[in-house]
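**Q** Listed here are the chains, written in short residue letters.
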Amino acid sequence: MVKRFEVCKETAWCPGCGNFGIVRALATALDGLGLKPSEVLFVSGIGQAGKLPHYIRGNVLNTLHGRTLPTATGAKLANGDLTVIAVGGDGDGYAEGGNHFLHAIRRNVNITYIVHDNQVFGLTKGQASPRSDRGMITGTTPLGVYNEPFNPLATAITLNASFVARSYAGDQEHLARTIQAAIRHQGFALVDVLQPCVTFNKINTYQYFRERVYDLDQEEGYDRTDRQAAWARSWEWGDRIPIGIFYQVQRPTLDDHYGDILARPLVKQELDKGVVEELLEEFRIG
Amino acid sequence: MQTLNIRIGGQAGQGLVSVGTILLRAAVQEGWHLFAHQDYESRIRGGHNFFQLRLADRPVATWEDELDILVALDETTITRELGELKGDGVVIYDPDVLGDAAKDLVQKPNCIGLPFARIAEELGQPKIMANAVAAGAVWALLSEDITMLQETLALMFADKGEAVVAGNKKVAAAGFARVRETMGQRPRPPKPAQPGPRLVLRGNDALPLGALAAGVKFMSAYPMTPSTGVTEFIAERGRQAKVIMEQAEDEIAAINMAIGASFAGVRAMTATSGGGFALMTEALSLAGSAEIPVVVINAMRPGPSTGLPTRTEQGDLRYAVAMSFGDFPRAVLSPGDVEEAFYLMAHAFNLAEEYQMPVVVLSDQHLADSYTTVPPFDLSRIEIRRGKVVAGEQAGSDYLRYRFTEDGISPRLYPGFGEGLVVAAGDEHGEDGHLIEDAQMRRRMMEKRMAKQRLVEEQALAPVLCGAEDPELMLIGFGSTKGAIAEAVEILNSRGTKAQGVHLPQVFPLPKGLGELLKKPAQKLIVEGNYTGQLEELIASRFAWKPDGSIRRYDGRPLNAKYILDRLPGGECRG
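Sequences listed follow chains A and B, in order. Going by the numbering used here, the letters in the first sequence line up with residues 62 to 347, in that order. Going by the numbering used here, the letters in the second sequence line up with residues -17 to 557, in that order.
Any given hint could turn out to be false.
[Unchecked claim] Straight-line Cα separation of at most 27 Å, DSSO-like style, residue types lysine-lysine; simulated pairs:
(1) B:528 <-> B:501
(2) A:329 <-> B:151
(3) B:528 <-> B:544
(4) B:109 <-> B:142
(5) A:70 <-> A:263
(6) A:334 <-> B:90
(7) A:97 <-> A:334
(8) B:544 <-> B:494
(9) A:97 <-> B:370
(10) B:370 <-> B:224
(11) B:173 <-> B:142
(12) B:528 <-> B:173
(13) B:370 <-> A:329
(14) B:370 <-> A:334
(15) B:109 <-> B:151
[As the list claims (entries may be wrong)] Stretches of chain A that chain B covers, calculated by requiring three or more beta carbons in the stretch to come under 8 Å of a beta carbon on chain B:
(16) 74 to 80
(17) 110 to 123
(18) 132 to 143
(19) 187 to 200
(20) 273 to 282
[Said to hold, decoys possible] The following residues of chain A were derived to be distant from chain B, with all beta-carbon distances above 12 Å:
(21) 126
(22) 168
(23) 234
(24) 242
(25) 245
(26) 303
(27) 319
Simulated from the structure, these hints should not be mistaken for lab results. Just so you know, these numbers come straight off a predicted model, no measurement behind them. The beta carbon of each residue, even a glycine, is placed where N, CA and C say it ideally should be.
Please model the entire structure based on the sequences and the hints provided.
**A** Dropping the structure here:
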């Protein structure tokens, strides 16, 4: 396999960071799909995860904290020929960008969304995230986290997201395979990645996940089109934590909805002044 | 100039806009020039709103206080607005909706009671045709001949079928006949000899038309009065022009989607008002840093906060110019009428793309909702300049998004259009778009971006002047005060005061030529629709200059010539 998406050696991440596993798996997945870096657009926000696009080859739009999804949506609608991959952390996507997360699912725009879910704020040095376990003591939560952890998978399944998956940064092969399935999927594809933060999260460590994760994809009889079953599994978070594709259905994408407008990508369409003349006629009198 | 002012007053939902629109279309068809503005409350039913038309024998761009014809669909129109009628003005009211207080007020000549809905029903038509009865009644005061009104009704209701057209024509004729019987012959307002072809449209039509003429391909927006008309226009008419208008979950998403689309290579915009603009400001800073073109319409309404949602003000000027945090190049345009709105909107896209920066177009409720007759727009005047763009082979695999160039403008490559990779970031970056911390690179990048600001300033749109060239009095304004200032200047000159109007279609960066104008030995007043004198502050800080006085309005209502004249030094009231 030609390695077109080779990963940059110099990064600003801590040694041992789960992000390394994610960026390598992402490169493997893209190479495996036979894509060229110029055909791929990575959109990211701010946070340690937001730096990922700078460490892999491709087009990049590194935008604001939390605004990854609307930006990626606009880019995809403008040029449907691009494979658009949105990347962000759990703070970026589930806190600052929470509203956009809900609505990107509703839109079912044809992009892949990879969330580095380390259950903590890394870039700002260890504060609680919406995914932090209750009781976790951090710089901003000296009494321990009180808020109920956000459940991105349950939320996505509730909103009838068309592709909902979870993978684990410590399992390269599983992660690359899941990302490939997400990119192949027509519609909004969520891949929430369990990502140990070796510096700030002493609870959800490599060992913690190694002891708990099991692969839904390997489970006989699991029907990923069964929404109720997927929803039930999305609440399993204890001695056993499922990874794999929880839920997948086909429904029309936002690109399909715009049908004939997007028969050619917007960016490849020429302005038709005749149409503007026609529109002006509507306001003409005399 | 001879003008005639008609106001249709009533509750929201009563159909006053329908009556106004029928009359507006018929009057333009008949040959008049006109200006029509709308005054409405932030509610869907009830309250008190009006639609006001000013007919003239030449182009007009502002409104007048004194009314010639008052049409009352509700009681409030009589109790509150009768005082605005000229001595010989005519009132047409619906007696079925008046209480006792109002009944006494209309016991005088020139007040005609017409039960609009009842007349429609008596003719076997639905109540809703009361609107056509009222329009027919007013038309009897404007023209000898009902033909043009009926043709207008036929056009407006064509898609509802022949029966609806016939019904409307019939009831309009009844309204027309009743007023003719009562009033007999009245002097008709003069019409232009050869009106020629005209467009009649609002700012909220002209702005999106300008955007479409400029080749906008993507819009995302969250509804907010008074900008929503732009959004709905692009959503509806844009389908013909193959433009996507995506309704966003909030204004933050709206502008970030537009930025994403623009980065991918299409012309993209959003539209909002003050509160929504506030939510967009972080992304404007991103557009500045990442050098991504984007055009934002801010249709101003009175703040602070939600303020007066359906009324007008120019109170966001300072905020639009400041725009966001950090230093980055930008431009703020301020069209003064529908014609300027059309051409400046197209200009905004050129500026945004040539300098790869955010451009804000300031509109306001008065411009957004007011209809004006203007000469047909000339599409050949719209030149599309997309700035420095490379594609395909030209880009090469060593493409650098932020390559240093002499003028600070790095050629754009649309991602996917060449082997080169396009890397853009809001974080400080090197020429390749990847993140840097280095002090020297930071300084060079900042200087590269800000070099563009100087170029934008050199090309800033010149002030638009009217009136005397050697004035003793100058009235300076921006945006929708243009027509009011021009008319005040005309009246002053006719009264022997040499006055000049200075309209600024671009408020940031201000054109250097304004500095020269300010050196003229005239008394200079700044006229603007806000409390603190935001234009005054902007000009004063740019040119180290103080005006001789100011005229400001901040009651949520639009300025007009009388408002200005009354507040001139020596005028009826001091501003």
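**Q** Hint by hint, where does the structure go against what was stated? Just the numbers, ascending.
**A** Result: hints 2, 6, 7, 8, 11, 12, 16, 19, 20, 21, 22, 27 break, sorted rising.
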